[in-house]
Amino acid sequence: MRSLLDVTDLSTDELEELCNTALDVAEHPERYSDKCRGKKLATLFFEPSTRTRLSFEAAMLELGGSVISMPGVSASSAAKGESVHDTARVVSCYADVIAIRHPKEGAAFVAAHSATVPVINAGDGGHCHPTQTLADLLTIKREKGSFENLTIGICGDLKYGRTVHSLINAMSRYKGTKFILISPEELRIPDYVRKNVLDELHIPYEEVSDLEKAMPLLDVLYMTRIQRERFTDMDEFERLKDSYILTIEKLSSAKSDLAILHPLPRVNEISVKVDDDPRACYFKQALNGKLMRMALILKLLGSRDFCEEPKVTIPGPTCKNHACITGVEQELDCLYTEREENGRRVRRCLYCEAEAL
Amino acid sequence: MRSLLDVTDLSTDELEELCNTALDVAEHPERYSDKCRGKKLATLFFEPSTRTRLSFEAAMLELGGSVISMPGVSASSAAKGESVHDTARVVSCYADVIAIRHPKEGAAFVAAHSATVPVINAGDGGHCHPTQTLADLLTIKREKGSFENLTIGICGDLKYGRTVHSLINAMSRYKGTKFILISPEELRIPDYVRKNVLDELHIPYEEVSDLEKAMPLLDVLYMTRIQRERFTDMDEFERLKDSYILTIEKLSSAKSDLAILHPLPRVNEISVKVDDDPRACYFKQALNGKLMRMALILKLLGSRDFCEEPKVTIPGPTCKNHACITGVEQELDCLYTEREENGRRVRRCLYCEAEAL
Amino acid sequence: MRSLLDVTDLSTDELEELCNTALDVAEHPERYSDKCRGKKLATLFFEPSTRTRLSFEAAMLELGGSVISMPGVSASSAAKGESVHDTARVVSCYADVIAIRHPKEGAAFVAAHSATVPVINAGDGGHCHPTQTLADLLTIKREKGSFENLTIGICGDLKYGRTVHSLINAMSRYKGTKFILISPEELRIPDYVRKNVLDELHIPYEEVSDLEKAMPLLDVLYMTRIQRERFTDMDEFERLKDSYILTIEKLSSAKSDLAILHPLPRVNEISVKVDDDPRACYFKQALNGKLMRMALILKLLGSRDFCEEPKVTIPGPTCKNHACITGVEQELDCLYTEREENGRRVRRCLYCEAEAL
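Protein chains in written order, with our numbering: chain A, 1 to 357; chain B, 1001 to 1357; chain C, 2001 to 2357.
For the record, the hints were derived by calculation from the structure and aren't laboratory data. Remember, it's a predicted structure, so these values are computed and weren't measured experimentally. Incorrect hints may have been included.
[Stated by the list, open to error] Beta-carbon label-pair distances, calculated as ranges:
(1) B:P1103 x C:D2233: 46 to 54 Å
(2) A:P103 x B:E1207: 50 to 58 Å
(3) C:K2311 x B:E1047: 36 to 44 Å
(4) B:P1103 x A:D235: 29 to 37 Å
(5) B:P1103 x C:G2064: 31 to 39 Å
(6) B:D1024 x A:R173: 56 to 64 Å
(7) A:E236 x B:G1126: 41 to 49 Å
(8) C:D2275 x B:L1023: 51 to 59 Å
(9) A:E229 x B:P1103: 24 to 32 Å
Think of the CB as a built atom: it goes at the ideal place given N, C-alpha and C, for glycine as much as any other residue.
If we strip away everything but chain A, and leave its shape as in the complex, we get (with noise of 0.2 Å):
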């Protein structure tokens, strides 16, 4: 496998050379811009995502590449019913290199093993999105200069964003690193991450409900959006909203070289005001996901060995998680692989990574 499914598949020397290769084409774009002529990205969107798509877009041609693209589902093949094996197998007879997006969980994984060229997950349904991540992480690097003993807040929902998830995950693998978990009770992050990654790695953390008494204890605070329909209680949801939302006066408390992030896209919960205020980056984020997304291509077209990890797997029933691939591809192997968390044996689906029961 030549590809990336998942953020935590690279290894932290991999992330800093992706992360050098990326600050040096914002340094010297003029270098970069005849490196893949010739070659040519393949966006498959199964669901639309126009930033994502086109931030990938953009990253290729000014690699000097080309692209092809299937901007959404409704202009695809999709509703011809074709499995996204095959689509994997005669896409790789016209692109070089595919990103691919779709809404269920694993089918990046399913495209990485049938195509014959490299696989970028351009996000898997609630499963995965790496290079939102790589954005992510670049942004954290360039604004704080590293990576270690950063206090970072995360707010809004944090049982269902995939992003804070992955952003646990990777900054739980430096040193220093501490959260704080700013969310409605309800929006608590899952005991997954809880127990396989923060009490794993033992790292510190602090739940709390309040936005503005964390505040001033923050390195970097990532936004994320609550959404009306994740409530069960809508007078909970009337009470709470407002207090997510980041406006001018909330940030009167905060350190002067705050780095504010946010995956975007957003509705309310950041004030435009917000956007003229220094600490902003989440315009910047989204420069620094393209350059991510070019240094990316670039080791994933120049490289044969990258990512390069083949997994034992298990036979075994249909998986239990209504979202997963193997649900709807078709003659698609249930399987499994089986790893030591937290000191206990557990068995996941091989797709899109649900525990076994």
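Start from chain A and add chains B and C according to the hints.
Okay, now just chains B and C, sitting in the frame of chain A:
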């Protein structure tokens, strides 16, 4: 600002310059085939308009640049509610110039003020569509040799057609222009065009309802479509619709050097039989549109002080125009400008230019 | 005309030439990577077909050209009712060659006659899809070494499958071709293929219903999908559907050098297990499709007298085929051609080729 929002943002000198560039491109395309090497155009279409989008994309490609594209709203983040402001800021990280089409009036204005790259209005609701007018103007220039001393017939829906209002505006700046406005009573030009443009600038015009009678007088005939849904009285529609269809027969009394224009797409308001008449210029108009878009992209990417004109703004209540972008965009201050119009001080919405009541 | 509407517009010599170009492209891609520099392909897809579109776009990009794209009808002016004629005329101002896909039969013919640049039929309803047949033919040529003396099994829906009819047409021109037509009774080839092609050219063929029995005889097996909606009797469908699914077991009696083709997308008519069998050629077919599209684009852009053959036409009443483009296109004269077919003078619609009754 280095953007093009309305055709009247251009002085007659700037317009002349664009026409001259376009004509030079037509004659020596090879001189321009590398001018935008390494540059990217983003086409952000929040509503579909294939012809306009393809024209912009062809223009950029013929200049040696490349394109990233959001081809229609169904394939966009718009579903997730991202604001025009955020989209424009983010896409500024991916592209060197943006062409935006949006159903809301003033949306291109908002994009131009949020973007860090030049923005071209590719149509903002019923408000403006300046590159269509640039296509119209170059066609008049090429076919008639000059913008002066022309009798211009405009036929069809003169009430709602934004291209009609822009053309009247643009041509009213030239010596000897005379308009013959051909439409059913119900679909005559709106008062603000009559008063603020024609009367203010003392342009001779006639309002008539009979296309055939007007025909022999015309140097230019600009046809537009009459949409059934514009009529309140269906009997009236049935009675009138055929009289505004241009046929070979109706052309028999026309001048031999008449230039027939149409912004396209047509439905049936010009018979296909007319296409082979040498006076039919509407397909040339499509070519001219591409040439003017090339000239415009060159101008916007080459200059830092194009269309520079900061406006004095006054805060005010919510704009009353239901189609205004202020009704949907997050935290957009309602701002107004004031100017003398026809001897009267008029306050207008900064975004959609609707008069404040 | 310098367009490709139907595969039989090509003589066997022209087909040979295209195959040779495609093979040379496969062997020496670097020799072709600049052949279309500065040229543009427009992909106008009035219905979505992602694979076909991406194949065309990849082909043009690998020739050094660029692409403008209308990826599917929802993102098009089609909603506004623009005719094929107008679209083809306008897009001729933007591109050097057009690939059009449209749900109406004869639409590509209309486009070819209105456009001022070459047009490639990328599928016009149930009528023709010549570049699919070009992919099929190159695959047969590469896998079998020659077009002569082959026993070709075609399995599945032989009644409605346009790729099946084209393949029979094309292969009937070669010495020693024999067909074994494998389908349920209800889905046998239509009479006009039987009479006008097979009988007329004295091609030996058998019609059978059992795939397994036919298997040992075949040099080529062309699989197609049987769509549930083609059956009037659902019991019949349930009883038959599995017998037309190709599995590893059914391949046990096949020749060791059998070539298995499928136009894709498949649903489940070939088991995924077959993909790894060296006789499975359907993914190679996708690659061959791109190569033939490259050869075709080169041919159409390089020559001014390709497929030149004006037809004598006769005016007539409205075409009776409900799927014909004449039913929807503005002011399209209903025209017919006549020719000898099987000893009988037959009059056919110029556009969709349906027989006039």
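Results of checking the hints against the structure:
1. B:P1103 x C:D2233: 46 to 54 Å: holds (49 Å)
2. A:P103 x B:E1207: 50 to 58 Å: holds (56 Å)
3. C:K2311 x B:E1047: 36 to 44 Å: holds (41 Å)
4. B:P1103 x A:D235: 29 to 37 Å: The hint (29 to 37 Å, Cβ to Cβ) holds, given that P1103 (chain B) and D235 (chain A) are roughly 35 Å apart.
5. B:P1103 x C:G2064: 31 to 39 Å: Taking Cβ atoms as reference, P1103 (chain B) and G2064 (chain C) lie about 38 Å apart, which means the hint holds.
6. B:D1024 x A:R173: 56 to 64 Å: holds (58 Å)
7. A:E236 x B:G1126: 41 to 49 Å: holds (42 Å)
8. C:D2275 x B:L1023: 51 to 59 Å: holds (57 Å)
9. A:E229 x B:P1103: 24 to 32 Å: holds (26 Å)
Checked against the numbered hints above, the structure breaks none of them.
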